[in-house]
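Going down the list, the sequences are from chains B and H.
Mapping of the first sequence onto full-length UniProt numbering: residues 1 to 319, in sequence order.
Mapping of the second sequence onto full-length UniProt numbering: residues 1 to 325, in sequence order.
Bear in mind the hints are in silico, worked out from the structure with no lab data behind them.
Careful: at least some of the hints might be erroneous.
Unchecked claim - With a straight-line cut-off of 25 Å between C-alpha atoms, the simulated DSS-like cross-links for lysine-lysine are:
(1) H/K85 x H/K148
(2) B/K227 x H/K144
(3) H/K223 x H/K130
(4) H/K251 x B/K213
(5) H/K223 x H/K240
(6) H/K251 x H/K198
What the hints assert, rightly or not - Over 12 Å on every C-beta distance to chain H, these chain B residues come out as not near it, computed from the model:
(7) A146
(8) H169
(9) H170
(10) I295
Just so it is clear, CB atoms sit at the ideal spot from N, CA and C, and this is done for glycine as well.
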Amino acid sequence: MIASILKQLGTLLISLLGLTVLTFILSQQSDTPIHPYQSDSAFIQYFEYIQFLINGDWGISSIHKRSVLKDFLQHFPATIELIVFAMILAVTTGLALGILASTRRGGWLDNTLMTTSLVGYSMPIFWWGMLLVLLFSLTLGWTPVAGRISFEYDIQPFTRFMLIDTLLHHNKYGFDAFLNALHHLILPAVTLSTIPMAIIARMTRSSLLAVLKSEYIRTARSKGISKQRIIWVHALRNALQPILTISGVQISIIMSGVIITEYIFAWPGIGKWLLEAVSRRDFASIQGGVLALSIIVIAFNLVLDFLSIYLNPRLRRPS
Amino acid sequence: MGLLQVENLSVDFQTDNGIIPAVDRAKISINAGQVQGVIGESGSGKSVMALAIAGLLSPAATMRADLFNLDGHDLTRMSAGERQKLISNNISIIFQEPTSSLNPSLTIGYQLDETIRFHSGGTRKQRYDKAQELLLQVGIIDGKRRYKEYPHQLSGGLNQRVMIAMALACEPKLLIADEPTTALDVTVQSQILDLLLKLNEEHNMALMLITHDFSILSETTDKVYVMYGGQIVESGRTYKLLSQPYHPYTKALLNSVPHYGMHYRKGRRLFNLKGSTPSLDHLPVGCYLGPRCPYANRKCVQTPELRTLKGRKVRCHFPLIEDDS
Numbered sequence: 001m002i003a004s005i006l007k008q009l010g011t012l013l014i015s016l017l018g019l020t021v022l023t024f025i026l027s028q029q030s031d032t033p034i035h036p037y038q039s040d041s042a043f044i045q046y047f048e049y050i051q052f053l054i055n056g057d058w059g060i061s062s063i064h065k066r067s068v069l070k071d072f073l074q075h076f077p078a079t080i081e082l083i084v085f086a087m088i089l090a091v092t093t094g095l096a097l098g099i100l101a102s103t104r105r106g107g108w109l110d111n112t113l114m115t116t117s118l119v120g121y122s123m124p125i126f127w128w129g130m131l132l133v134l135l136f137s138l139t140l141g142w143t144p145v146a147g148r149i150s151f152e153y154d155i156q157p158f159t160r161f162m163l164i165d166t167l168l169h170h171n172k173y174g175f176d177a178f179l180n181a182l183h184h185l186i187l188p189a190v191t192l193s194t195i196p197m198a199i200i201a202r203m204t205r206s207s208l209l210a211v212l213k214s215e216y217i218r219t220a221r222s223k224g225i226s227k228q229r230i231i232w233v234h235a236l237r238n239a240l241q242p243i244l245t246i247s248g249v250q251i252s253i254i255m256s257g258v259i260i261t262e263y264i265f266a267w268p269g270i271g272k273w274l275l276e277a278v279s280r281r282d283f284a285s286i287q288g289g290v291l292a293l294s295i296i297v298i299a300f301n302l303v304l305d306f307l308s309i310y311l312n313p314r315l316r317r318p319s
Numbered sequence: 001m002g003l004l005q006v007e008n009l010s011v012d013f014q015t016d017n018g019i020i021p022a023v024d025r026a027k028i029s030i031n032a033g034q035v036q037g038v039i040g041e042s043g044s045g046k047s048v049m050a051l052a053i054a055g056l057l058s059p060a061a062t063m064r065a066d067l068f069n070l071d072g073h074d075l076t077r078m079s080a081g082e083r084q085k086l087i088s089n090n091i092s093i094i095f096q097e098p099t100s101s102l103n104p105s106l107t108i109g110y111q112l113d114e115t116i117r118f119h120s121g122g123t124r125k126q127r128y129d130k131a132q133e134l135l136l137q138v139g140i141i142d143g144k145r146r147y148k149e150y151p152h153q154l155s156g157g158l159n160q161r162v163m164i165a166m167a168l169a170c171e172p173k174l175l176i177a178d179e180p181t182t183a184l185d186v187t188v189q190s191q192i193l194d195l196l197l198k199l200n201e202e203h204n205m206a207l208m209l210i211t212h213d214f215s216i217l218s219e220t221t222d223k224v225y226v227m228y229g230g231q232i233v234e235s236g237r238t239y240k241l242l243s244q245p246y247h248p249y250t251k252a253l254l255n256s257v258p259h260y261g262m263h264y265r266k267g268r269r270l271f272n273l274k275g276s277t278p279s280l281d282h283l284p285v286g287c288y289l290g291p292r293c294p295y296a297n298r299k300c301v302q303t304p305e306l307r308t309l310k311g312r313k314v315r316c317h318f319p320l321i322e323d324d325s
């Protein structure tokens, strides 16, 4: 087990190296230098760059004239809120739909779900988001069009996570604000989770179907165990491995999706901030934003890798 | 008293190329405590027949039987749920690949405990004691340690013992062993067989041994069924059947096996039945063995029926009785 953890950490180091080299090259393209380097050699400058990053000096934004890291941390919680919500939605719904489809293999429900998921999977997210706004916000009026919370609420940004900050008010006003924020969160989260949900549902279905054919499921059936128990206890645990792997890939799809989604729903997060930086050639912000987002993707995948080591006894306890 | 009586059991598989008859009108009867063998090549339908009896066929298969009596109950008159319950209480099955027949993400203990919980119940402590007792019965001495381990940490032989322990937890009246030793080392093979026979005697548990190994059959079983192309072509008492096969296929099978004491000569070849097992979606007309049979003539394009000859059942127009009289 220790060996596989060390291997994962080694991969992490290599990814970080590649990543910082890329953002370093990116930062070199800036019209005005982002960091004051001592050396003329690009090689030495790279190490100085790393030094700056570790010290928390990620450069000064050329448009806002503020620290990039500070800007990032200010916008970050809104994005995290959206991503976590979307990911929970994608994983739970995707798993449920996949299980449902696999247990009714070849039936009309299976066919409908798989066709729908193919449509969901091929939908361009900007168009899908606007369709949802058109239907649910403008025509039906069920959800707000944009933003994180209505203007009538004035919430102190303690943690900058809206759902937590509203509840920190500890009164009726705070709870109303919480519901309002949740209401605002639904549509962007649905938009963002559609593609990963479709992929996870398809993966769950095929992985479960493969596992359900295996010999140990036959053994379980011969014991006279109920069908539900066979799915939840015997099959799902073994089918989870490829689902976890594919979920790790989804986080990078979500990261690029979040930029467009935030733009559509005027969500004050990283995506909107980064898009503005790109359109105004703010290299310091781009470099910092890319670095931070990528680190999150890598960290998420690392956590998933550890999770799959934990869930797989063959990796956890080699014979 | 018959424990299991099955008549005209047929299993068909629905495929894109039409219906494939995997088992054709098989007739099986097993008494309590009896040891029976089923032998045949790969694809002869012996495993499918076992799965059909154990109620474990895939949804693509349809099964029909004129008679299906288990322990005095008529299964053809039951709902699917009742049938499954009765079967899982009376019949246990173990498979060829013990390691892949156990769930890789659950401990041995969990899987054993689950079986006990579903069949006899009891408190956690009682179930644990029962599990340890079962492990000891199947010859696993360090049961306490093995209980916490996963299938990949155990050898194939140990896993097969665990499978047998799990089967015993259901206290079955019939244990079907589908090539239980094929994937194991020779020394382990004999240990597992000895174990199965010991349990057969101690628990009066009938045993249906599916194999393609004649030496296993001759040592262990009272009665043998020979299968070819989904049909039972010959059945009878083991000793007589092996020493005097009536069906040309049985004879060919016996001749193709090297025996102990056979003299080795350079250039000598073992007997080899020409041709290969017919694919089940392109079965020959008449006798399925016809095109490969050295004794076949014109009459063999008519389908032979299973008939009784000197206490034995043979499906052949020209049984080899005259040969050795």
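- Go through the numbered hints given earlier and state which of them the structure violates, listing their numbers in rising order. Numbers 1, 2, 3, 4, 6 - these are the hints that the structure violates, sorted from lowest upward.
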